[in-house]
Amino acid sequence: VVMDEFHFYAEPDRGWAWQIPLLELPQAQFVLMSATLGDVSMFEKDLTRRTGRPTSVVRSATRPVPLSYEYRFTPITETLTELLDTRQSPVYIVHFTQAAAVERAQSLMSINMCTKEEKERIADMIGSFRFTTKFGQNLSRYVRHGIGVHHAGMLPKYRRLV
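Under this note's numbering, the first residue of the sequence shown carries the number -1, and numbering increases by one thereafter.
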């Protein structure tokens, strides 16, 4: 069983989706993946105890794009504007629901995310791509403005585009 985004294990609203297979399928082999978990020794010990089999942890610190974390108390639009002005983009904003991700994308349309030249390059890259759904038509506006939206409910063609 392959589980990506395993860091959601402790998320109150949907962590059960990662927890139940671990509890109910003790004979299965698992590949648990997360790019953001730190110390996983608790999981390693717990899985070994539950299954009676050795557990291997594969670690890699190599990231094509380094991550930096920062906590702010300023409004997100103000923070994002500052990050863009100081050339600290791209910026990745996490939401826990599809609706929240789309709502945030819409609210960010008032911020100038990229230059006119960058928008022209985006339009060239999109080319004749067909946005065939209502969500796709909204996504087209977001992407052309420099905003990518990615969530589990998207059609594969939209995921690849973003």
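Among the hints, a few may not be true.
[To be verified] With a Cα cut of at most 27 Å, we get these calculated BS3-like pairs of lysine-lysine:
hint, residue 1, residue 2
1, Lys117, Lys155
2, Lys155, Lys114
3, Lys155, Lys132
4, Lys117, Lys132
5, Lys114, Lys132
[What the hints assert, rightly or not] Simulated DEER-style distance windows between Cβ atoms:
hint, residue 1, residue 2, range
6, Leu21, Thr77, 33 to 43 Å
7, Lys43, His149, 27 to 37 Å
8, Arg51, Ser126, 35 to 45 Å
9, Phe127, Tyr69, 21 to 31 Å
Quick caveat, the hints were computed from the structure, so don't treat them as lab data.
Fair warning: this is a prediction, and the values are worked out from it, not measured in the lab.
By construction, the Cβ of each residue, glycine as well, lies at the ideal position given by its N, Cα and C atoms.
Holds or violated: Lys155 with Lys132, Cα cutoff 27 Å? 14 Å, holds
Could one say that the CB atoms of Leu21 and Thr77 fall in the range 33 to 43 Å? At 39 Å between Cβs, range holds.
C-beta pair Arg51, Ser126: status relative to the range 35 to 45 Å that was hinted: Hint violated: Cβ distance 51 Å, outside 35 to 45 Å.
Would the pair Lys114 and Lys132 pass a check requiring their Cα atoms to be no farther apart than 27 Å? 26 Å, holds
Please verify whether Lys117 and Lys132 have alpha carbons no more than 27 Å apart. Holds. Lys117 to Lys132 sits at ~22 Å (cutoff 27 Å).
Does 27 to 37 Å hold as the CB distance between Lys43 and His149, or does it fail? Check passed, 33 Å falls within 27 to 37 Å.
Supplied distance hint 21 to 31 Å, evaluated on CB atoms of Phe127 and Tyr69: Between Phe127 and Tyr69, where Cβ atoms are some 36 Å apart, the hint is violated.
Hint check: Lys117 vs Lys155, CA-CA at most 27 Å. Holds or violated? Satisfied, since the Cα-Cα distance of roughly 21 Å is no more than 27 Å.
Is Lys155 close enough to Lys114, meaning Cα to Cα at most 27 Å? 26 Å, holds
Hints 8, 9 from the earlier list are contradicted by this structure; the remaining hints agree with it.
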